[in-house]
Amino acid sequence: MERKTSIPPVVYINFALVFVLLFAIFFPEIRSAVTKLFASPKPISSSKQTQAIQIQTSFRNVYREAQQFVVSIRTKKTEMIFHPYAFGESREDRISSIGSGFIIDERGFVVTNYHVIKNAEIIEIIMSDGRIFPARYVGSHERADIALLKIPSNDRFTPAFLGNSDEIEVGDWAIAVGSPYGLEKTFTVGVVSAKSREDLDETGQTHIQTDTAINPGSSGGPLLNIYGEVVGINRMIRSSSGASAGIGFAIPINYAKRVLRQIEQNVGQNIRPATLGVMATAPLPDHRRSLGIPGETVGVLVYDIEPNSSAEKGGLRRYDFIEGANGLQIRHINDLREQVGLVGLGGVLRLKILRDTQEMELSIPLVEAAYKKGP
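According to the UniProt record's numbering, the sequence shown is numbered sequentially starting from 1.
Heads up, none of these hints are tricks.
Computed spacing ranges between beta-carbons, pair by pair: (1) Y303 to P134: 50 to 56 Å; (2) V367 to P134: 33 to 39 Å; (3) E106 to K185: 16 to 22 Å; (4) N308 to Y227: 47 to 53 Å; (5) S97 to R272: 18 to 24 Å; (6) T281 to D356: 15 to 21 Å; (7) F161 to S46: 29 to 35 Å; (8) Y319 to N270: 31 to 37 Å; (9) E264 to G130: 26 to 32 Å; (10) K76 to G130: 16 to 22 Å; (11) S46 to I95: 45 to 51 Å.
By construction, these hints were calculated from the structure, which means they are not laboratory data. The structure presented is a predicted model; accordingly, all values stated were derived computationally and were not measured. For glycine and all other residues, C-beta sits at the position ideal for the given N, C-alpha and C.
Start from the sequences, fold in the hints, and give me the full structure.
The structure is reproduced here in structure tokens:
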């Protein structure tokens, strides 16, 4: 029986490679076309895009730094769900939501918004590498909308660098990293649109305004400058649709630092909103003359006090001129409102006042208002 020999496949492959090589040698114009096809040339050369490449590199650097300390925060709570078509029918369901936060201490302390963890039964911290930790509640400040959590681990974590929000200027780069709509490690870029935006809500505290895209789930994440420093805590947006409309607001990090010190002094508690119970305004020239207030002195004049309020119980009187609170100068009523909010219910507000041309200091405990009913 005659035996047939088969040619190994490798021989065919070698022949094909030799053919391609010879083809490329004898037809250089085809070789050039093939090279260009796979080279993917850039439409614009790098030399013409130097500045853009530098900015792009800067953004990449910020992101590489930020993803080490930015975390996602997942909360779960039980809510009553009512049947949309059957009146009176309801059931309990576990609802999950997600927000953002960032590490401020290598021991695993995490900052976020209070509204992110409000009423949560379970709080989990999701790291950038996918690890999930159950969070321990440290404390919160309801009016400032700031909460402090702790990762229960002996590991050492990379903390954020906290910048100086007083140094930012309108037009500065503003970068947000967070989990909008649950999309973790999302990076968005814009600029600081306005500084010291006041009277946005009942807190009275100032905010940084930015056109950086902030959406539901971004809350609690950091607002960064071009150096990768945290200059604000992303808090809320203004939008008719509920999605980013280019108007977002962040809590200045310098204010947040003062709030965090208050939280550290009240571990395990939620510092609740408080009121002083005064109506005050900048004095007119006639007021200054009649009350002996020097023209160059900055402050607010108390013109009415609510009965049974903290102010009344603490000894504040009508026509007292408030110059300072908690060691800080009071320029207008929002400064005073901010300090009251910072101290919170149960705290003590320390005022520097001018009364009958005499400077005095008052320590006023902030208590629940107990207004009298009836005549």
